[in-house]
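Novice: In mature numbering (1 follows the signal peptide of the UniProt record, and there is no 0), the protein residues as written are -24 to -1, 1 to 538.
A portion of the hints provided could be inaccurate.
[Stated by the list, open to error] Under the rule of at most 25 Å between Cα atoms (straight-line distance), these lysine to any residue pairs were calculated in the SDA-like manner: (1) Lys455 / Asp483; (2) Lys326 / Ser313; (3) Lys5 / Gly355.
[Said to hold, decoys possible] Ranges between beta-carbon positions, derived for each pair: (4) Arg136 / Arg168: 17 to 25 Å; (5) His65 / Lys498: 25 to 33 Å; (6) Glu142 / Arg206: 32 to 40 Å; (7) Asp143 / Pro456: 23 to 31 Å; (8) Gly334 / Lys498: 20 to 28 Å; (9) Asp480 / Pro299: 34 to 42 Å; (10) Ser2 / Leu324: 41 to 49 Å; (11) Ser273 / Thr496: 18 to 26 Å; (12) His65 / Gly411: 24 to 32 Å; (13) Gly334 / Pro182: 48 to 56 Å.
The hints are simulated quantities; they were obtained by calculation from the structure and are not laboratory data.
Model, not experiment: these values are computed from the prediction.
We treat Cβ as the ideally placed atom computed from N, Cα and C, and that holds for glycine.
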Amino acid sequence: MTPRSLLLSLFAGFTLLCGTAAVAGSPDKAAIASAHPLATEAGFEVLDNGGNAFDAAIAVAAALAVVEPYSAGMGGGGFWLLHRQKDGHETMVDARETAPAAATETLFQDDQGEVVRDRAINGPLAAGIPGQAAAFVHLSERYGRLPLAQTLAPAIRLARDGFPVEDHYRTLAGYRVDVLNRYPEAAAIFLREGKIPETGTTIRQPDLAKVLQAIADQGFNGFYRGPLARKMVSGVREAGGIWTLEDLENYRVKERTPIIGEYRGARIVSAPPPSSGGLVMMETLNILSNFNDGEISEDLLPHLAVEAMRRGYQDRARYMGDPDFVDMPVDKLVSKSYAKARAAGIELDKATPSASLGDPVTVEEGFHTTHLSVLDGEGNRVAATLSINLPFGSAFVPPGTGVLLNNEMDDFSAKPGSPNAYGLVGSKANAIAPGKRPLSSMTPTFVEMKDGVAILGTPGGSRIISMVLLGVLEAVDGKPVEDWVSRVRFHHQYLPDEVEVEPDFLDTAEARGLELRGHTLKSTGRRYGNMQAIHWNKRTGKVTAASDPRGIGAARVRAPDS
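Let the sequences and hints guide you as you build the complete structure.
Specialist: Written out as structure tokens, the structure reads:
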């Protein structure tokens, strides 16, 4: 071969390699997975109009605020995990609700010091200051390409024109129909003559459409100042709440550094406090890494996973809260040395009684939330978990606003040091304080593997962390995205000292292995969770997505404008 031909051959090979790298360097399509088909389509509408993943995430979340009033909304908040592909910037936008300035540690206690659970979950006293609107403004101004007038347009249309009731709506309304009927404004919107609407009934929310339009037109001021703010505060206070105009005006989202770790060669990026999700999951994965470097046989994995969960959830209750109010040993909790010490007490053939590990402290929280995952054609990605806490939140709508308020104040420890309504003891770290954000389990997560990227998260209260953990294990094992969302689930949270399992888990070899080792299994009676997940194969560029079969969501993969 002549020098010239050799040079041409090398150049051709270099060109081929560069071409392959270019294809692998970006996804072949965009993907959105959310808990409702109408929200997924709203996201693609914004991508089709030139938006990026951050714009699309706003559109999806705003649509969910309309069509999933039982899960999330403008009266709630959440956590947004972001990755910007052009410079690798990663952050978590903390839009968690905050306690009003007049909130006290004894807010939900009576004159005898007993917790009045009704105050903490029903009505305006249960509502923290919402963060959802502020998150939309922040994401749009800092990360998006389009104005809010475009990203909120699909949700405004859905609120104005309405959406049809389906069985999932009816089921969740059934949990809260009595409380919704306490508040005429909420009952008029979400019920029909005091009853759960029939399937196919159209739910229209013209006041909510005006709220979304005000945010589109005026940004932060459209929600947190001006006529809407005055209406919300007036309605809350007339019904026994403690909000002030200053509470709304002073609300701010915060950007926080994600929890980052490693498991079996994969880079894990997840939510930091005031979410406990990333810390607990990373501690749990680090504990598992002490057993054959995390490559654990299928028969042993459930036992070791339960033991690791038990220890991670114990530390959640002992140490975790709002980082602006509580000093937490974060570096210790995610360290390999700490995980090694915690793993040392695990026996391969026997369950560890939780009581033997220390004080009986735990944290409960509401179970209904929503999640969305977005990937655009450039590789930007968003995992966002949003909530109003219990189904339909506090069930209270300030008259004339259409804004269904959260009941996230119940995620605080209502009386630290004493049993709550579940007979469980709350932690001082999560006590109520003015301006404080309640501890959460929301766990939006990215997993970067050798050949791909996973984007996932789910609702589910305290079970969120264990569900995402199981999804991460599936992803790292190279399983397809459909397996992450459909895997039969089990959960342990230190107390109560039992393994909660889906009914389908009970008659499996995994279940028998747990029982032989002394674990107590308790069926949840129904399947739980609603995971939304995306996988981008960076070697081929191929993108796949899946929505949990337990829900009614939709995962779509397509090129914009197709």
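Novice: It remains to establish, for every hint, whether it holds in the given structure.
Specialist: Evaluation of the provided hints:
1. Lys455 / Asp483: At roughly 23 Å apart (the allowed maximum being 25 Å), Asp483 and Lys455 satisfy the hint.
2. Lys326 / Ser313: holds (23 Å)
3. Lys5 / Gly355: Judged against 25 Å, a Cα distance of about 9 Å means the pair holds.
4. Arg136 / Arg168: 17 to 25 Å: The hinted range 17 to 25 Å holds for Arg136 and Arg168, with Cβ atoms some 19 Å apart.
5. His65 / Lys498: 25 to 33 Å: violated (43 Å)
6. Glu142 / Arg206: 32 to 40 Å: Cβ of Glu142 to Cβ of Arg206: about 35 Å, so the range 32 to 40 Å holds.
7. Asp143 / Pro456: 23 to 31 Å: holds (28 Å)
8. Gly334 / Lys498: 20 to 28 Å: holds (22 Å)
9. Asp480 / Pro299: 34 to 42 Å: holds (38 Å)
10. Ser2 / Leu324: 41 to 49 Å: This hint holds: roughly 44 Å between Cβ atoms.
11. Ser273 / Thr496: 18 to 26 Å: holds (23 Å)
12. His65 / Gly411: 24 to 32 Å: Hint holds: Cβ distance 28 Å, inside 24 to 32 Å.
13. Gly334 / Pro182: 48 to 56 Å: holds (53 Å)
When the structure is compared with the earlier hints, a violation turns up for hint 5 alone.
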